[in-house]
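Participant: Start from chain A and add chains B, C and D according to the hints.
Number of protein chains: 4
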Amino acid sequence: MTDSLLDIRARLRDFAQERDWDQFHTPKNLAMALSVEVAELVEHYQWLATGVDAELTEAARTGIRHELADVLMYLVRLADKSGVDLHAAVLEKMLLNAEKYPADQVRGDARKSTQY
Amino acid sequence: MTDSLLDIRARLRDFAQERDWDQFHTPKNLAMALSVEVAELVEHYQWLATGVDAELTEAARTGIRHELADVLMYLVRLADKSGVDLHAAVLEKMLLNAEKYPADQVRGDARKSTQY
Amino acid sequence: MTDSLLDIRARLRDFAQERDWDQFHTPKNLAMALSVEVAELVEHYQWLATGVDAELTEAARTGIRHELADVLMYLVRLADKSGVDLHAAVLEKMLLNAEKYPADQVRGDARKSTQY
Amino acid sequence: MTDSLLDIRARLRDFAQERDWDQFHTPKNLAMALSVEVAELVEHYQWLATGVDAELTEAARTGIRHELADVLMYLVRLADKSGVDLHAAVLEKMLLNAEKYPADQVRGDARKSTQY
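Chains as they are written, first to last, in my numbering: chain A, 1 to 116; chain B, 1 to 116; chain C, 1 to 116; chain D, 1 to 116.
Mixed in with the good hints there might be a few duds.
[As the list claims (entries may be wrong)] Calculated cross-link-like contacts (lysine to aspartate or glutamate; reagent style EDC-like; alpha-carbon spacing at most 20 Å):
#1 K81/C <-> D3/C
#2 K93/A <-> D14/B
#3 K81/B <-> D53/A
#4 K81/A <-> D14/B
[To be verified] Some chain D residues well away from chain C (every beta-carbon gap over 10 Å; in silico):
#5 E18
#6 T57
#7 A59
#8 E92
[Said to hold, decoys possible] Going by beta-carbon spacing under 10 Å, a handful of chain D positions derived as facing chain A:
#9 T2
#10 L6
#11 N29
#12 A33
#13 V36
#14 V38
#15 A39
#16 E43
#17 Y45
#18 Q46
#19 V84
Keep in mind the hints are simulated off the structure, nothing from the lab. Keep in mind that this is a model prediction, so the values were computed, not measured. Where is the CB? At the ideal position from N, CA and C, for every residue including glycine.
Pulled out of the complex, with its shape left as it was, chain A reads as follows (with noise of 0.2 Å):
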């Protein structure tokens, strides 16, 4: 079974290339795109205490999961036109997250979350 990020990313350069839109797909265009999606999640939870599932509606839920996914759709595409490997990336950044915030002594410090 193909890996979950390969295949979002080949899907979206299918869908791309049978739209001719590589074109407007330059990075710049795509962060901004990118930070456009991640609004429209932040939208379902501006006016709620904290978002969790009790507090959402069926609508809600749905509109979610879709923002969810176009966050990560611009995400792959933007990761794709600038050559990183998500995956990756992930594990090296978490490495160096890891010796920024050793467990022992961040534990419960809200202050040190900013960043995994």
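Facilitator: Just chains B, C and D now, kept in the frame of chain A:
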């Protein structure tokens, strides 16, 4: 070999648990953190023409790779806390997008490429 | 005494001209820069309960004041480059909002307060 | 004549009070709402070359004017709830920026124009 998105999800669960950070990871807070990471990514492109590789310094390339990773980490974490299977959500959304943007009708039309 | 928004607009014009920065200040670039500054503001609140004064350190208060200023500066600059009178635009939009959200129909309804 | 920023602040206080919305207007929530409005502004520019007037439709011009207003409204509201005088904050920040970016040293340098 473990699927990339599932592997990242498992690693982030361990990382948060070891630091007792689950208490801060409400969907609302994670959505905000996600938007902050996306802006750190956007910052790399704001004064560039298109953001293609030739316009980047080596430091920018590394920064972009790390920010792409940060965005994916918060996204995976938010999906996990929201009970959303990201791969399935993308497949679901791509079907909707294929209906919304038929290839033969939107070819080369930038205004139609606001979402995949 | 000069009006505050007009005063800020005039000062920013001088500041950009003295540095030959007008060439970078396209509406697209300014909108991106604006979104980056807003995220730096959001970052102060992401792990707080509500962000009221009692939750803030003195450093956070100063940071927030500076980020609020940065956001306003890019906003005034973008409006200037777009030929928009910000005060008049707010008055125009508030009339629309008053029609959209009649006080007696939306009282105390969070879902209706997504825009002024 | 009333100063523009003070006039907007007063109008927004009345608008929120008439709708009993103060309860939702925590700094954290307002910062999120601000970021959502900025993204709606960014959306207008994402597939354009530079966003200058000639690239815009009449509908886009109106949309941009309204989004600029929305951003300013949430910004003024957040500053109000945070006890920040926006005009004074801009003057304070511009002094810092003038020191950080001396005109004779950053002239025409895009990388230095990341903040005013």
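Participant: For every hint, state whether the structure bears it out.
Facilitator: Do the hints match the structure? See the list:
1. K81/C <-> D3/C: With a Cα-Cα distance of about 19 Å, the restraint between K81/C and D3/C holds, given a limit of 20 Å.
2. K93/A <-> D14/B: Roughly 15 Å between the alpha carbons, so the hint for K93/A and D14/B holds.
3. K81/B <-> D53/A: holds (9 Å)
4. K81/A <-> D14/B: Violated, at roughly 31 Å.
5. E18: violated (4 Å)
6. T57: For T57/D, whose nearest Cβ neighbour in chain C is about 14 Å away, the distance exceeds 10 Å, so it holds.
7. A59: holds (14 Å)
8. E92: Per Cβ check, E92/D is inside 10 Å of chain C; nearest 7 Å; violated.
9. T2: violated (30 Å)
10. L6: Since the shortest Cβ distance to chain A is 26 Å, the answer is violated.
11. N29: holds (6 Å)
12. A33: Holds, because the Cβ-Cβ distance from A33/D to chain A comes to roughly 5 Å (cut-off 10 Å).
13. V36: V36/D check passes; min Cβ-Cβ to chain A is 5 Å, inside 10 Å.
14. V38: holds (7 Å)
15. A39: holds (3 Å)
16. E43: E43/D check passes; min Cβ-Cβ to chain A is 5 Å, inside 10 Å.
17. Y45: holds (7 Å)
18. Q46: holds (4 Å)
19. V84: violated (21 Å)
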